[in-house]
Structure formats: C-alpha cells, structure tokens
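*Asks:* Since chain A is already given, all that's left is putting chain B on it; use the hints.
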Amino acid sequence: MPATENPMQNATALAVRNLSVFFGKNAAVKNVSLDIAARAVTAIIGPSGCGKSTFLRAINRMHELNPEARMEGEIKLFGDDIYSRNIQPVVVRRRVGMVFQKSNPFPTMSINENVTVGLRLNGIRDKKTLAERTEQSLRMAALWDEVKDRLSAPAISLSGGQQQRLCIARALAVQPEVLLMDEPASALDPLATSKIEDLIRNLKKDYTIVIVTHNMQQAARASDFTAFFYLGELVEFGPTPKIFTSPAQKRTEDYVTGRFG
Amino acid sequence: MTAPNHNWRNFKNVFMQMLTFACAILVVTPLLLVFYHLIKEGFSSINLAFFTQLPKPVGETGGGMGNAIVGTFILLAQAAVIGVPVGVLGGVFLSEYGGTKLNWWIRFAADILNGVPSITWGIVVYALMVVPMHGFSALAGGVVLGMMMIPLVMRTTEEVLQLVPGGYREAALALGISKWKTILQIVIRTALKGIVTGVLLALARVAGETAPLLFTALGNRFWAHNLTEPIAAMPLQIFAYAISPYDDWHRQAWAGALVLLLLVLAINIGVRFLTRDRFRQKI
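Sequence lines, in order, name chains A and B.
Heads up: the first sequence begins at 5 in our numbering, then just goes up one per residue.
Heads up: the second sequence begins at 7 in our numbering, then just goes up one per residue.
FYI, nobody ran anything at the bench for these hints, they're computed from the structure.
One should not assume that every hint holds.
As the list claims (entries may be wrong) - Computed from the model, here is a short list of chain B residues facing chain A with C-beta under 10 Å:
1) G105
2) G172
3) G173
4) L181
5) G182
6) S184
7) K185
8) R195
Using N, Cα and C, we set each Cβ at its ideal position, and we do this for glycine too.
So that you can see chain A by itself, here it is in the shape it has in the complex:
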C-alpha cells in the first residue's frame, strides 16, 4: 500500500535541515535534509559506514555520548528545535526512543522491571499506573501472551527475539513520539525477524518509526518511505515502492539491485 494514500502521513514528525555530523575532522553525515512523516515507517538503507546509524543517533542526540562528535544544521521534532540551547538531551530522548541492534535488557532486573525502568527512574511510583503501562507496552511489543505468567522472571531468561521485543516494550513504556530502531532484527533468526516486522507495521498506527537496516527486503517489506545514504550523503529519498522499482538515481538502482554494497 503506497504511503501517500494515507492523508495522516502527510504530517511531518521530523524536519531535518542541512544536517552534518562530524567525529573530530571526519564528516559522517554530510548536509542531509529530509522530512520524516508522522505515523509512518521510514527506512534508512545504505552500505556499512554510510552514516545511517550516525544520522539515526543525531535524531535523539545519542551521538553526543562520543565527546568528539559535533553537529551542524537543524532538526525539528513536531516544530521544536531539538538542538535549541535550552533543551537538554534527556528531554529529547524522552520524546524520541531508541532500540538497538544488540538486545540489551538490564540483567539485574526482571521482565516487568525492565519495562517500567524508564518510568520508575523518572519518578513514577504509582503501582497501578506501572502495571497498566507494563501490560500495554508488552501487548504493543507482541510479547504479553508469552510472558504474562512470569513477569518477575529475570529478563535474561528470555530468548534473543523475546529480549529484543522486551527492549521495544521498554522503549514504548515511556510513550515516546518517535521510535528509532538501529538494525533491530539483524541479530535474530528469520522467524523472530518477521515478528519484529509485523510489530513495526502495527506500531505505525501510533508512532513515527525510523529504522536503519542492512536488509533491503526488510526495508521493502516494512517501510513506507526509504532514504538511501551513501558515503554520508543522502542520495535519494522517497516512497519505498518508488525507491525499489523506479529509483531516480543510478547509484540507488545499483544498490537496491545488489550491484554493490
């Protein structure tokens, strides 16, 4: 289903203008501008080292964990400049959640403690709220039925695919507006991967999702829009069917048809 048929998706969640990210003297992302649609899935594809992960991390200011990192340009989240001087990274990250390539549930915590950790450490203590949010988040992450009878079991007792869905539930529990996913299924088997993809398709009803992936079939299956990055530059950006069937750029065509990358 082409994304443009849905009028809701015309709203812009993230307006990125002339974004460049440097690590020391190296530019990892060069002068990228694009609009990411709300309540849609946008996939970022490109070969290793093309700056797609850095681009993703710039959206919730995670790249700042590297003291060498520096950015230029502007990113607006529903109209708010996330790099405005009076906005703390913590505030940005509450609105823009993230799921990582390697599942990383906290090993000292149980399943439900993992889900609620973002709420608890931000001061929410009410047991009823926490229990409601646990169920809601686990349902959205398609994990509830598998774990509802053992919520207090250690999180690391789950399988790899379950752990990654737990991490998604954990990110959803703080109710972000945007969910960033950095190759969320690259360490999982095909069955677990397809569960994650189904989940992504369901989540876009409520969330704006940006997913970095190495897997072009995954981008084609799960996303509405696709951005192709090469050597830090945005080569082409458009509706996913167009990028995969009639790309405007030769480099895009070469990449999506597997001629390089």
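*Replies:* Quick look at chain B alone, frame taken from chain A:
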C-alpha cells in the same frame, strides 16, 4: 627420511612442561607450609578464652586476644567507612566521567599509591594525626587502613565498571534517564558483585597490616573504651608476642596468626562464593 632430532625435541618439550609444573607447585607450597606450622603450633592454644579474654600479665599462663580481635574489627570498620565511599566514587569518576588526560594522571597516582610501602603510610598518618592529637589512637589506625584501601578499591571499582557493556548505558540514556541515575541504578547495580568483591579483597589486604598500625593504633593490652585511645589489633599483638622471650606468648602468637589467616581465608572464600554467581548471570 626421519628428522634426526625428534628425540631431542621431545625431551625439550617434556622438560619445559616439568619445569613450569614444578614452579606451579612451588607457588602453592608456602601456603601449605604456613598452614601446617600455624596449625601445629597454634591450634592447641585456640579455646574460648583466646577469643574472649584479655592478655594475662607476664608470668601467668592462659588469657587471650579478645581485645585484639575486637580491635581488628573496629579498625576494619573505620577503614571501610573511609575507604569504601571514597574508593567507589573515585572509581565511578574514572570509569564514567572525566577527561582521558586527567584520568590518566589519577590512575597513575592510584597505581603509585598501591605500591607505597605500608610503613610509609604509617609515618604519614603519624605526622598528620598522631602528633597533632598528642597520642596514638584507634582513629589514626582506622584512617591509615582506610587511606590504604582507597586506591585499591578505586582501581577494582573502575575495572568492574568498565566490564559493564556500553549497551546498558546507551539503553538507559535513550530512555531519557539522567546520567547519574543511569550510573547508580543501571551501571553500579550491574557491577555490584564485582565492587563488593573488590572491597572485600581490599579489607583482607589491610586486615593483616602491621607496620602502619605501629605508628598509629600502637596496640593496647586492655579493652579500648573510645576511638581516641590506642587500640589492640591482631597483627600488633602477634608482633609483640612473637618477639617476646616467653613460651606461652609464643604459643599465643601462633594461635593469633592462625586466626588472622583464617579470617583472610574466610573473606577470600566469601569472594569466591560471590563471583561464582556472577558468571551464571553472564555479565
């Protein structure tokens, strides 16, 4: 055609294996010898009185080291109060904050401090506390052991915090959790067993220190009533008895050494117990 010196090669191989094996045995031998002698000489003097009574005056047999045993625990408690918070928080700084250059200097200083002879620590605290306070005291003894613990605890804390995968820090920060809460609730909690292990090993290390206590706690043949008085400690009591000319005191020194060794052994076994669980958690 066969290689002419296969036998010679095989001989070298076996020889090197035997040599390393002999050295490995040599490492364990002193522990067995120490144990054998301590048990042979000291075990007969260990009884209830040894743990509860004061030393008897010269010439009377019997009595015990009750005051020294209690004194050692009081000194260790003070040392922990000083050494654990400063050492752990210093280790947190090294691992989680700070510029690389500053950290390099702090780490360098801590490593030098770990190599400072313990008698030097004793003299420093003697000059800083005993002289101004006009007397030896339990307090000075606790301070010197605490100061010795700081660099030990700091370095082990830093090491175990570095073992916590960066993914946990990123996951917490990406949830909008502030940095200090991430450190306290995620990083330290994940590494807690390692930190406790480091603290226990540092306590075991300073529990047997004698030289710094000669300049600070001094020793006491009676119960200490407050921290500004000199206090007895097992290493001091063992030292005093061992250099005395009396057979009964010699027996007590052996017994004291045995108890001290058992204390250190107990701490080490406790550490093994703690770390065994850690591997199951695959951190």
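*Asks:* Please go over all the hints and tell whether each is borne out by the structure.
*Replies:* Verification of the hints:
1. Interface restraint check for B:G105: the shortest CB-CB distance to chain A comes to about 8 Å, inside 10 Å, so the restraint holds.
2. For B:G172, the suggested interface contact is upheld, since its CB lies about 9 Å from the closest CB of chain A, less than 10 Å.
3. Because the smallest distance between the Cβ of B:G173 and any Cβ of chain A comes to about 4 Å, under 10 Å, the interface hint for this residue holds.
4. For B:L181, the interface hint holds, the least distance from its beta-carbon to any beta-carbon of chain A being 4 Å, beneath 10 Å.
5. Because the smallest distance between the Cβ of B:G182 and any Cβ of chain A comes to about 3 Å, under 10 Å, the interface hint for this residue holds.
6. Because the closest C-beta pair between B:S184 and chain A is about 6 Å apart, less than 10 Å, the hint holds.
7. Look at B:K185: its Cβ gets to within about 8 Å of chain A, closer than 10 Å, so that hint holds up.
8. For B:R195, the interface hint holds, since its Cβ comes within 10 Å of a Cβ in chain A; the closest pair sits about 5 Å apart.
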